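My request is simple: use the sequences and hints to build the entire structure.
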Amino acid sequence: MFKKTILACLVAGSLLSGQAGAESISGVVTDSAGKPVAGAKVTVVGENQHTLTDEAGRFNVSQLLMQNAELHIEAPRYAHRNFRFAVPQQGLTDVSLVLLNSAIEVIDVKASPFHASATESALPVSVLAGDALKMRQASTLGDTLKNEVGVHSNFYGGVASSPIIRGLDGPRVLITQNGLDAGDASRVGPDHSVASEASTATQIEVLRGPATLFYGSGAIGGVVNVVDERIPTDNSTRAEWMLQRESVNNEKLAAGSLVTGVDNIGLYVDGFWRDSDDYRIPGFAEAQPDDDAVKGRVGSSAATAKGFTLGGSYLLDNGYVGVSYGRLEREYGIPGHSHGGHEESDAHTAEERVYADLTQNRYQLLSELNFSSGLIRTVNTRLAFTDYGHSEIEAGVVGTTFQNQSREARLEILHRPYQDWRGGLSLHYKFSDFEAVGEEAFTPPSETQMLALGWMEERHFGPWLVQLGARVERVTIDAADVLLPDIGAHGHDGDDHGHDHGHSNAAEFIRVFDVNQRFTPYSVSAGTVWDFTEGYNLGLSVSRSQRAPAASELLSFGAHIGTASYEVGALFVLDDDEFVLNTLPIEMEVANNLDITLRKFSGNTGFVLNAFYNRIDNYYYQQNTGLFAESGHDHDHGEDDHGHSHDAELPVYLFTTADVTLHGLEAQFSWQINDPFKLTLQGDYIRARIQGGGDLPRTPPLRLAAELAYELDALSADLRATRYFKQDKVSELEQATAGYTLLDASVSYRFDLGAQQLTAYIKGQNLTDEEARVHTSFLKDLTPLPGRSVAVGIRGSF
Amino acid sequence: MLQTKLSLAALLIGTSLLSACGDSTTNIVEKDPIPVEDDHDHGHDDVSAAGRLVISAKDSNLLSVYELSDGSLLDSFAVADIPSALAASPAHRYALAIQRTTDRVEFIDGGLYQEDHVDHLHDYQQDPELVSFVLSNSRPTHITASDSQLAVFFDGDAASSTPAAVAVITDADITTDSNGYPVLNYSLNMHGAAQPRGDYLLSTVRDANSATTLPDKVAVYEQHGDHYHEELVFDELCPGLHGSAQNEHFISFGCTDGVLLIEQEGTTFTASKLANTADITGTMRIGTLVGDMHAEHFVGFAGTSVFAIHAHDGEMDLIDWQATQGATLTGYGFADKGSKFVLLDSLGYLTILHYLGHEHGHGHEGTDEAAFEFAAKVQLTTADVSTMPQGSRFELAISASDDKVYVINPIDQTLLTVDTADAEVVATKQLNFMPHKLVWLGIAEPAEAHNH
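So the protein lines, in turn, are chains B and L.
Sequential numbering from 1 applies to the first sequence in the numbering used here.
Sequential numbering from 1001 applies to the second sequence in the numbering used here.
Hints in this document: simulated from the structure, not taken from any laboratory.
Since the structure is predicted, the reported quantities are computational estimates derived from the model, not experimental observations.
Among the hints, a few may not be true.
Unchecked claim - Sample of chain L residues with no beta-carbon within 10 Å of chain B, all distances over it, derived:
| hint | residue |
| --- | --- |
| 1 | ASP1157 |
| 2 | ALA1159 |
| 3 | SER1160 |
| 4 | THR1267 |
| 5 | SER1272 |
| 6 | ASP1412 |
| 7 | ASN1432 |
| 8 | ALA1444 |
What the hints assert, rightly or not - Example chain L residues on the side facing chain B (calculated, C-beta under 8 Å, incomplete):
| hint | residue |
| --- | --- |
| 9 | GLY1022 |
| 10 | ILE1034 |
| 11 | PRO1035 |
Positions of the beta carbon are idealized from the N, C-alpha and C atoms, including for glycine.
This is the structure we're talking about:
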């Protein structure tokens, strides 16, 4: 019924359109020196209308629907600006709009309902778009974003890496595609790849810090939003394509996208194909290699992926409505997936290959409708249905299959400015039917439902922009068959090795529970951006967010090879080496976050300094119990003693809660030295502590990077050095990692071929062939970063 | 306006959400557990190895089931009438509550049993219960068992001209509440005995003109679906037949003049008579026989004289159990997995004999050791046995899984656990009722910790 209402709403919206007004604005866009800015994009806020300035910086927008028009001007290397006009009946002519140049990349953030740019938000946001995105795109989302400030990759052998934002990942970082949940299994296990593709994306946005206001409790740590044009908002014909070959893993990539259309119809198609072999490394894969280990490659790290997307939209004067279908197929090895006990001999390696086979079908409906009169200014609608499945295959046999069917609906109703307050309500519904079947089905089947109501407002008070928001949601997790087996967990202390542990305390029955969990988390936030002097602002944001623990954190009970551990959810507690039902109430995570951002965004130098303090109470994390349990994986192999060998056993980790404090600094400094040269320095540091002693595991180390970029006419080049320092703030039983320096460089040459603009490029990564172990990786002891790699490619657009 | 309605709906939803802001509730319902069916090396250790006892109360229809590993009372059940005797099903899973005078046998599931999982046996432990399977026929009296079958002899009743019958059932029939088990129907009543041998049943035949209810012949019957056909009546007479037993190759019946021995070789049955020896004098006769599948000897009882009967060799030797003057036997049986034989007497002693088997009882190579050798005599009580309540006596139950023998002492209403290896009372449990009969239930051979 919800969907029906939205549909009715859309129909009503389309009927209301077409009340054409005669008002128009024309003028010129210049920089602070009075030089015209060509190619600046002038957008009428709240209407589906935009235009580009000509060589002389001139523009003209007409048929404005509203008398109080707002223009949003954006241009490369300039700070975005909004201008408001009261448009008389006869229109406005010869207005002069001045943009301030900026050394900081300024890109609009689609994830925010206000369409603000990164410099206008109280919360820190970074955006990777355009050529920078094309140069950094990698087969995984984590590796694509790993050079963004405050973002690290959890590097899962290059096949399933997902982004870590300020030390948080998993169920705390939400991955979205065009603002809708990626709908995969990547939040459940680090070996599960994110079902999204960077090579066809137009921009990737990272919201650092709690973004629960817009996205719900899954975004307590941040959001990564992958944006593409699958539902086109205009139908001017344009296309992009790229071909690339990379040396370190022989990866071949072909990707392209096309937007076109006729009349009121916009059409979109994209496709990509990638294929790679196991990647090369300078030394051994294992930190402590066996005698018979082979140097030079990381086994089971090859991947093949392909996908396509089709989309179409109906363009209205006051907005659009469109639908899309995307299909993604990916087959990737799972490195480090050695199932203890039977170290296969070389002859068996081929048949012992462990890989995952992933398929996702994604349907989306997106719409934006603007109204010239009435209480409601804009209605944004987003619907998604995602059918995801991946199977983990070992020796040709399907071991475990993960299925996630999700449905999502989001409706944003923005009201007409009232007393200068802009804002609106958002209604959000999400349903996920998650199931894992097989020997590594460590999480029982569950259904998670979320219904939320959010409210956001912002208002300018002179130089102050105040942003307020609140959201309340209801999250229910229903699992009809939560299993509590007796796993015969036991310690390995003393000299009782080789005895018959596991034989004496096994139960006759697996207890079964029907679990219904309901949470009502809320989030409130207040922020301000203070333009204290021209070209600078200071952002301050305080928020309190709650997060309902995910089904996997509550209900898990089983061997998870992806993390090489036996995982037990918080629904259970340990009682004398035996797991029993937790009788204490299940608490929600509560994050209290303080963020301060100082920006300088005009002139030849610019910087963004950010400090944050995030105190999370009832933080769910996996505590090592010191016990071991059988992986349940390799019986019946005939070895006479492997029931006793610890290789077949996994350490037992129990989800418990503790109060933790995360605080850190992020800094980015850009200096346009002269016309071609630009220097960028950046660094981030985070400290993640458990109150009462101890550190959280896999905390990103201190990182500093310097990049010198050259851009003049047809040639651009950059040289980047990144220093990752050692990390010895480790959790119990975690290894410290050494520091390392990565040197990357690239050269691009642009030329035209007919109507096409082509760019040929060569880029090198890890040029010094450094052996690097990523501290934030679950596989730091098994898979170092790839060695020296050179990629050549060409991309084009028209 | 639609949008206004929508925002209104949103507000309503919001209000309902806000009412429980920051809240979390958990609702957990435990469902039926899943039995572990895994193929590896654990899962049996929680199943009671000691087994369970079913004890009936005197002059009562109540039966109590005790867990022997901790002595706890698991449950009590009321059967229709006062049981005259208790017996165990072949696999020791069920207890039979034989209600002779009211023509009924009821069954209690002791809860301990094994399932054959093809490559291994699997032990189960459940709560005891009174099952719905019931046998109803006239005067159920002697219960005899092979390894897998149970023959219930219904004597019938002359007064009501009810003929005798034999029902042959298995544990599976009880479990599935089947009525497809075979029944042998006689045309006469008799105080008879039957021994099941797979598809065959050896059962007694009474002459219609006989003045006694005791039969004097034995016949072989073959099962045809739910009934039996008479195959053969042995010519060998067995006057005053009472008492029967079987072991691997022989079936024995007690006669006034000796023991009728029937040897089975495949489908061929051959009868012979082992005549009473000089040790049997006067009115003495062997009226009770005890056998064990794995023992070559039968044990025959003629009053307090106990004989070791070797059917193949045709030998009958008196066993010296060092009987005390004035003692009568109230219980007996093979114990400790057939390696011992125990005798419980009216003076409150348990005599333990080692069963040494054939090679010793044979007298060759100059040795003349007995098949049953006196081992010990355990005094079970210091109470004055003359204070034994009227109608009560010491009774025993023998564990099939270990070396324990359980004895009830009605004088002080206790249950004693006797370790036959150490020949001592290892536990005494006070009962809060007057015990009458008892039977052991459990798993005789717990499944191995079958390793991969």
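How the hints compare with the structure:
With a least beta-carbon separation of about 46 Å from chain B, L:ASP1157 lies farther than 10 Å from that chain, consistent with its non-interface assignment. Listed as a non-interface residue, L:ALA1159 keeps its Cβ farther than 10 Å from every Cβ of chain B; the least gap is roughly 51 Å. Its beta-carbon lying about 49 Å from the closest one in chain B, L:SER1160 satisfies the requirement of being farther than 10 Å from that chain. A cut-off of 10 Å between C-beta atoms confirms that L:THR1267 is not in contact with chain B; the least separation is 42 Å.
For L:SER1272, the condition that its CB be more than 10 Å from all CB atoms of chain B holds, with the nearest at approximately 49 Å. Taking the minimum C-beta to C-beta distance to chain B, about 37 Å, the non-interface status of L:ASP1412 holds against the 10 Å cut. The Cβ of L:ASN1432 sits about 30 Å from the closest Cβ of chain B, beyond the 10 Å cut-off, so the non-interface label holds. Annotated as non-interface, L:ALA1444 keeps its C-beta farther than 10 Å from every C-beta of chain B; the closest such distance is 19 Å.
Contact between L:GLY1022 and chain B, as hinted, is supported at the beta carbon level, the nearest pair being about 6 Å apart and thus within 8 Å. Interface hint status for L:ILE1034: upheld, as the beta-carbon distance to the closest one in chain B is roughly 4 Å, under 8 Å. Given hint, L:PRO1035 at the interface with chain B, holds; its Cβ is 6 Å from that chain's nearest Cβ, closer than 8 Å.
In this structure, every one of the numbered hints holds.
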